[in-house]
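Construct all of the structure, not just a fragment, from the sequences and the given hints.
Protein chains: 4
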Amino acid sequence: MLKIGNIKLSSRLMLGTGKYENHEVQKNAVAASGTDVLTFAVRRMSLEEGSTDAFKGLDLEKFKLLPNTAGAATAEEAVRTAKLAQAAGLCDMVKVEVIGCDKTLLPDPVETLKASEELLKEGFTVLTYTSDDVVLARKLEEMGCHAVMPAASPIGSGLGILNPYNLQRIIEQAQVPIIVDAGLGSPADAAQAMELGADGILLNSAVAKAGDPVKMAEAMKLAVHAGRYGFEAGRIEKAPLASPSSPVEGVSPRT
Amino acid sequence: MLKIGNIKLSSRLMLGTGKYENHEVQKNAVAASGTDVLTFAVRRMSLEEGSTDAFKGLDLEKFKLLPNTAGAATAEEAVRTAKLAQAAGLCDMVKVEVIGCDKTLLPDPVETLKASEELLKEGFTVLTYTSDDVVLARKLEEMGCHAVMPAASPIGSGLGILNPYNLQRIIEQAQVPIIVDAGLGSPADAAQAMELGADGILLNSAVAKAGDPVKMAEAMKLAVHAGRYGFEAGRIEKAPLASPSSPVEGVSPRT
Amino acid sequence: MLKIGNIKLSSRLMLGTGKYENHEVQKNAVAASGTDVLTFAVRRMSLEEGSTDAFKGLDLEKFKLLPNTAGAATAEEAVRTAKLAQAAGLCDMVKVEVIGCDKTLLPDPVETLKASEELLKEGFTVLTYTSDDVVLARKLEEMGCHAVMPAASPIGSGLGILNPYNLQRIIEQAQVPIIVDAGLGSPADAAQAMELGADGILLNSAVAKAGDPVKMAEAMKLAVHAGRYGFEAGRIEKAPLASPSSPVEGVSPRT
Amino acid sequence: MLKIGNIKLSSRLMLGTGKYENHEVQKNAVAASGTDVLTFAVRRMSLEEGSTDAFKGLDLEKFKLLPNTAGAATAEEAVRTAKLAQAAGLCDMVKVEVIGCDKTLLPDPVETLKASEELLKEGFTVLTYTSDDVVLARKLEEMGCHAVMPAASPIGSGLGILNPYNLQRIIEQAQVPIIVDAGLGSPADAAQAMELGADGILLNSAVAKAGDPVKMAEAMKLAVHAGRYGFEAGRIEKAPLASPSSPVEGVSPRT
Chain A
1 MLKIGNIKLS
11 SRLMLGTGKY
21 ENHEVQKNAV
31 AASGTDVLTF
41 AVRRMSLEEG
51 STDAFKGLDL
61 EKFKLLPNTA
71 GAATAEEAVR
81 TAKLAQAAGL
91 CDMVKVEVIG
101 CDKTLLPDPV
111 ETLKASEELL
121 KEGFTVLTYT
131 SDDVVLARKL
141 EEMGCHAVMP
151 AASPIGSGLG
161 ILNPYNLQRI
171 IEQAQVPIIV
181 DAGLGSPADA
191 AQAMELGADG
201 ILLNSAVAKA
211 GDPVKMAEAM
221 KLAVHAGRYG
231 FEAGRIEKAP
241 LASPSSPVEG
251 VSPRT
Chain B
1 MLKIGNIKLS
11 SRLMLGTGKY
21 ENHEVQKNAV
31 AASGTDVLTF
41 AVRRMSLEEG
51 STDAFKGLDL
61 EKFKLLPNTA
71 GAATAEEAVR
81 TAKLAQAAGL
91 CDMVKVEVIG
101 CDKTLLPDPV
111 ETLKASEELL
121 KEGFTVLTYT
131 SDDVVLARKL
141 EEMGCHAVMP
151 AASPIGSGLG
161 ILNPYNLQRI
171 IEQAQVPIIV
181 DAGLGSPADA
191 AQAMELGADG
201 ILLNSAVAKA
211 GDPVKMAEAM
221 KLAVHAGRYG
231 FEAGRIEKAP
241 LASPSSPVEG
251 VSPRT
Chain C
1 MLKIGNIKLS
11 SRLMLGTGKY
21 ENHEVQKNAV
31 AASGTDVLTF
41 AVRRMSLEEG
51 STDAFKGLDL
61 EKFKLLPNTA
71 GAATAEEAVR
81 TAKLAQAAGL
91 CDMVKVEVIG
101 CDKTLLPDPV
111 ETLKASEELL
121 KEGFTVLTYT
131 SDDVVLARKL
141 EEMGCHAVMP
151 AASPIGSGLG
161 ILNPYNLQRI
171 IEQAQVPIIV
181 DAGLGSPADA
191 AQAMELGADG
201 ILLNSAVAKA
211 GDPVKMAEAM
221 KLAVHAGRYG
231 FEAGRIEKAP
241 LASPSSPVEG
251 VSPRT
Chain D
1 MLKIGNIKLS
11 SRLMLGTGKY
21 ENHEVQKNAV
31 AASGTDVLTF
41 AVRRMSLEEG
51 STDAFKGLDL
61 EKFKLLPNTA
71 GAATAEEAVR
81 TAKLAQAAGL
91 CDMVKVEVIG
101 CDKTLLPDPV
111 ETLKASEELL
121 KEGFTVLTYT
131 SDDVVLARKL
141 EEMGCHAVMP
151 AASPIGSGLG
161 ILNPYNLQRI
171 IEQAQVPIIV
181 DAGLGSPADA
191 AQAMELGADG
201 ILLNSAVAKA
211 GDPVKMAEAM
221 KLAVHAGRYG
231 FEAGRIEKAP
241 LASPSSPVEG
251 VSPRT
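So the protein lines, in turn, are chains A, B, C and D.
Per UniProt numbering, residue 1 is the first one in the first sequence, and the count goes up by one each step.
Per UniProt numbering, residue 1 is the first one in the second sequence, and the count goes up by one each step.
Per UniProt numbering, residue 1 is the first one in the third sequence, and the count goes up by one each step.
Per UniProt numbering, residue 1 is the first one in the fourth sequence, and the count goes up by one each step.
For the record, the hints were derived by calculation from the structure and aren't laboratory data.
In this text the structure is predicted, and so the values were computed from the model without any measurement.
Warning: the hint list may mix true and false statements.
Stated by the list, open to error - The list that follows gives simulated cross-link-like pairs (lysine-lysine, DSS-like), each with its CA atoms no further than 30 Å apart: (1) C/K103 to D/K238; (2) C/K114 to A/K103; (3) B/K83 to A/K238; (4) B/K103 to D/K114; (5) A/K238 to D/K238; (6) C/K238 to D/K8; (7) B/K8 to B/K64.
Unchecked claim - Which bits of chain D does chain C cover? Going by a derived footprint, with three or more residues having C-beta under 8 Å, they are: (8) 134–144; (9) 147–158; (10) 176–188; (11) 201–213.
Virtual Cβ for every residue (Gly too), placed ideally from N, Cα, C.
Here's what the structure looks like:
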């Protein structure tokens with residue numbers, strides 16, 4: 001059981017919406033993933049008209065909604081976007097995302113801190129997308145963020161975890177949930193994040209843009225479980241040299 | 001469904017025996033893994049006396065047995081060992097393992113080729129443990145081996161896949177099943193092997209020596225499924241730069 | 001020729017002082033490295049008494065001095081430390097270093113920004129130690145820093161470049177010199193940093209704590225040249241498959 | 001000083017011929033590299049007519065010649081090729097190269113062993129190109145090969161060292177020179193090979209196909225020295241966490 005603020009989640013996999021070929025595929029992928037958190041870009045929705053087209057076919061009663069502030073380049077824009085989602089009743093939590101680089105879509109640390117602080121003051125349950133800067137992650141936690149979401153690699157890149165070392169430091173120091181966000185490309189990436197001790201992961205492109213998104217969603221669900229169980233079970237240590245898998249001494253004489 | 005020679009397998013995970021703390025743990029780990037192939041070192045068994053102590057508590061009717069020739073340093077020893085297992089009725093297939101280096105337990109390519117050739121002539125269903133030498137793997141296949149089992153890294157090391165490049169070449173060129181054997185340490189390693197297109201994996205230490213072997217067996221079962229589904233679904237390509245996970249252009253006007 | 005602010009440097013290797021076994025070794029290592037920039041922790045010096053013991057045996061006329069603010073945990077402390085060095089006449093440039101994590105010694109992004117801003121106002125030539133956060137590096141440059149010094153990995157760890165991807169992004173976007181600082185452990189690490197296009201590197205532990213610091217200093221000097229020349233020469237692209245190193249078709253008939 | 005059989009070499013860098021844009025560039029790159037061993041594919045030369053066009057402009061008196069058997073797919077072909085070079089007087093040593101895979105140009109272990117054995121019997125000074133199979137490398141040494149040349153990665157790929165682990169095992173166990181051959185792409189790769197303890201490296205495409213081959217040759221010369229000195233000097237150990245590069249305790253009081 002994962003708890004973010006006062007929100008209890010049964011799945012450790014959060015899933016994006018809006019990049020699928022069509023709503024049918026999205027609905028089936030969401031179901032296959034077992035997620036109970038759906039993320040979406042507020043900017044993409046015509047909230048004014050009450051349209052929630054991005055969710056077409058999904059029974060929103062079954063999910064926690066995680067609007068994100070994608071498209072914001074400043075704290076001010078991010079805060080305004082979050083409030084829009086709240087006003088539209090589409091907001092259980094909010095994911096702060098303030099982009100600082102158009103090429104890599106990596107976050108702006110200064111504006112991210114500001115936006116998070118402001119939204120915390122306003123009473124939001126705040127999950128903040130950040131780089132894997134170790135000290136920045138701690139500052140977000142100290143500020144009161146309900147979860148910290150370090151990037152594995154640039155959004156949509158599929159490059160996996162570029163710096164497992166930093167991620168591990170972030171996880172070790174954290175008292176709030178760490179959700180690895182952005183850049184994961186395959187089930188092995190998902191399992192690796194969970195084995196490092198992450199509390200959950202967020203995926204969008206890796207599922208939505210896979211050859212078969214529904215099967216990939218199922219794969220990711222299994223990978224998250226596999227990685228989590230592996231973390232809990234405790235893996236063997238890495239040893240530079242071999243130890244016999246089938247020890248042969250002292251048992252049956254060499255004939 | 002995986003088929004090796006004439007033997008049909010429902011699981012893509014093969015599991016070693018004999019390194020567990022006790023038979024109860026082994027039995028439960030085997031069950032949790034969902035495997036239908038159990039491997040064991042013939043040398044470790046007192047076959048003369050009909051003892052199958054290594055399998056205590058396991059219902060052998062439910063599994064395919066894969067005796068291995070661990071402890072053999074020459075083709076001759078390996079062949080003799082395989083025949084012992086056959087004579088004892090403990091042999092659905094045989095895993096050829098001829099060690100050429102005491103430190104790394106990496107296989108001897110020359111003796112491995114010889115042993116495989118001889119056992120194929122004798123009518124065995126042969127699965128051969130080998131290094132990740134690309135040409136050697138092809139020679140084993142051309143010779144008639146029913147499966148080729150390249151090492152990810154030294155036996156029991158938990159170092160994972162040291163050379164994914166070679167493994168991928170081996171898998172691409174193969175017409176027979178490729179079972180990644182030795183060195184896998186965690187669920188992410190298992191998933192990675194399967195995503196590369198391996199037909200299965202063999203684990204021993206990674207499960208038997210984990211903190212909680214039964215939970216790790218479950219983790220590995222899920223990881224193998226996750227990796228396989230990921231392979232079948234088709235992952236996104238790796239892109240050096242980001243693509244917006246939540247595209248924002250042209251949808252709702254920036255307010 | 002490397003230029004930082006108005007300071008011209010002939011070597012792309014900056015070297016730390018104060019971790020050597022004795023002053024003789026330090027002097028010889030400095031000479032072997034060919035550096036013309038010496039860094040030192042202001043905090044370690046008894047500046048009050050005019051002591052420059054850390055430099056014993058070195059002819060300071062020959063070097064540019066780069067005092068760093070190591071030991072500072074806030075912008076205020078860093079600024080005060082920089083001014084101490086300036087007042088003591090030991091300051092051609094200043095390296096801003098504000099630590100935000102005692103375990104990893106990784107920098108505090110917020111205090112680092114503040115300290116850099118303040119020292120720029122005061123007219124210092126500022127080189128700022130930072131994480132490999134891509135946007136943070138750009139902000140430091142935009143603020144006016146004369147060089148940005150992203151960490152390869154934690155100070156003194158010898159882990160090398162944990163995230164070459166981020167480093168490359170930082171280098172690509174930069175208009176000011178990028179000096180890779182912290183964590184480099186071997187000549188190959190140094191060469192890699194330079195091949196990525198870094199303008200220089202800063203070393204301390206990798207030289208001072210090597211088995212033979214003087215020989216390692218020489219090795220690092222060569223590695224920096226090698227990496228720089230390699231960058232300038234333009235390496236071959238990586239190709240997933242082989243191309244014949246000794247092409248044989250169409251030349252001499254196969255006999 | 002490197003000694004292979006009875007041949008003494010002053011440089012640890014061997015260089016291929018025949019892939020350069022023209023003879024002038026080749027001559028200058030060879031000079032810049034400082035090599036004293038030139039390799040060439042016998043198959044490419046019109047030895048029948050005494051032509052040594054590949055060497056045009058080079059003063060062959062100054063170099064040791066290392067003909068290779070590139071183009072051979074069997075031991076028989078390799079032996080015949082070696083004898084051709086010998087008959088033409090172009091042979092101080094011979095590099096056995098028997099390709100077993102057209103796609104990767106990785107060597108055939110069985111034919112490689114046979115060819116090496118045969119040429120050793122004939123009295124050649126034999127350097128054998130092999131995969132990074134640890135046991136195979138040892139067998140070649142035990143057979144009497146004067147040097148073993150494991151591939152870093154496929155010929156001409158520039159992928160660098162795919163499996164440093166295996167390479168290190170090969171180097172540790174060896175009593176004869178280990179020359180890392182094939183796949184190195186940049187100065188950092190060259191330095192890494194030397195830091196692992198290799199006795200030398202062989203390059204062709206990485207230099208000949210670089211943007212500026214002459215400058216790259218110079219870079220590689222420096223990288224080989226850097227890596228060797230680094231190996232001899234003894235690098236610092238990798239530490240998972242930081243140690244202060246500029247220790248601050250107990251020296252000057254925090255003000």
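Right, here's what the structure says about each hint:
1. This hinted pair checks out: C/K103 and D/K238 have alpha carbons roughly 15 Å apart, not beyond 30 Å.
2. Annotation: proposed proximity of C/K114 to A/K103 holds, straight-line Cα distance about 26 Å (limit 30 Å).
3. Taken as a hint, the B/K83 and A/K238 pair is broken in the structure, with Cα atoms around 35 Å apart against an allowance of 30 Å.
4. Between B/K103 and D/K114, the direct Cα distance comes to roughly 26 Å. Compliance with the 30 Å bound is thereby established for this hinted pair.
5. Note on A/K238 and D/K238: the hinted pairing holds, with a Cα-Cα distance of about 15 Å set against a maximum of 30 Å.
6. Between C/K238 and D/K8 the alpha-carbon distance is near 33 Å, which puts this suggested pair outside the 30 Å criterion.
7. For the given pair, B/K8 sits about 9 Å from B/K64 by alpha-carbon distance, which is consistent with the 30 Å threshold.
8. Check on the region 134–144 of chain D: 0 of its residues sit with their Cβ under 8 Å from a Cβ of chain C, so the three-residue criterion for coverage is violated.
9. Closer than 8 Å: that is the beta-carbon criterion, and the region 147–158 of chain D has 5 residues meeting it against chain C, so the requirement of 3 holds.
10. For a cut-off of 8 Å, the count of residues in the region 176–188 of chain D with a CB near a CB of chain C stands at 5, and the three-residue condition holds.
11. Given a C-beta distance limit of less than 8 Å, the hint that chain C covers the region 201–213 of chain D holds, as 8 residues qualify and 3 suffice.
When the structure is compared with the earlier hints, violations turn up for hints 3, 6 and 8 and for no others.
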